[in-house]
Amino acid sequence: MNNGRIWCVVKPTVGLPLFLGGVAVISLTVHAAVMTHTTWMADFWQGNKPRRADVQQPATNLAQTDQPFVVNVMPVSGMPADSAAFVVTITPRGGQPQSVTMLQRPGAPPRAAEAAPTQ
Amino acid sequence: MDDLDDPNRVWPTGLTIKESEALHKHVIDGSRVFFVIAVFAHMLAYIYSPWLK
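Chains X and H, in that order, are what the protein sequence lines are. Okay, so the first sequence: first residue is 1 according to our numbering, each after it adds one. Okay, so the second sequence: first residue is 1 according to our numbering, each after it adds one.
Chain X with its partners taken away, still in its complex shape (with noise of 0.2 Å):
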């Protein structure tokens, strides 16, 4: 048996605890990571299904052809009823696209919850 000789030079009573509670450790320090870092595990332990913002397509191209940039305004499917996002991304030609997301929620103007250049 391969390494079947360790017990001769590790004490069983030091190894195997060591054995044992390292697979131990290892294995709550995975899975605590996976429920504190995530957000679809919170959803499922309250039996909904995780959240997910989906882009609506088609984008609506609101420039002109002839323009120096390019427009896309996306509605974001899955809001509450009394709200509504919008992603607006801003392409110039030949650059990187920028895109904002747009909150909308009742008694409160629109703002821009986050810029963030897509790749």
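Warning: the hint list may mix true and false statements.
[What the hints assert, rightly or not] Mimicking DSS-like on lysine-lysine, the simulated pairs with C-alpha atoms at most 25 Å apart in a straight line are:
#1 X:49 with H:53
#2 H:18 with X:11
#3 H:25 with X:11
[Stated by the list, open to error] Examples of chain H residues lying across from chain X (beta carbon under 10 Å, computed):
#4 7
#5 9
#6 11
#7 13
#8 49
For the record, the hints were derived by calculation from the structure and aren't laboratory data. On a predicted model such as this, the values are computed, not experimentally measured, just so you know. For glycine and all other residues, C-beta sits at the position ideal for the given N, C-alpha and C.
Chain H: place on chain X using the hints.
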């Protein structure tokens, strides 16, 4: 168990090679059982939870 002055005993632990291999067989068997249960549990988690979807 053999006597403590058994010349087959290996130190520092004092187990014989036979005893060590017998113990190691239990460790390996336990690991296999753990592995099978873990694979089964991960299959259930994959099927019934949003994990990896």
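Evaluated hints:
| no. | hint | result |
| --- | --- | --- |
| 1 | X:49 with H:53 | holds, 11 Å |
| 2 | H:18 with X:11 | holds, 15 Å |
| 3 | H:25 with X:11 | holds, 16 Å |
| 4 | 7 | violated, 14 Å |
| 5 | 9 | holds, 9 Å |
| 6 | 11 | holds, 8 Å |
| 7 | 13 | holds, 5 Å |
| 8 | 49 | holds, 6 Å |
In summary, the one numbered hint that this structure violates is 4.
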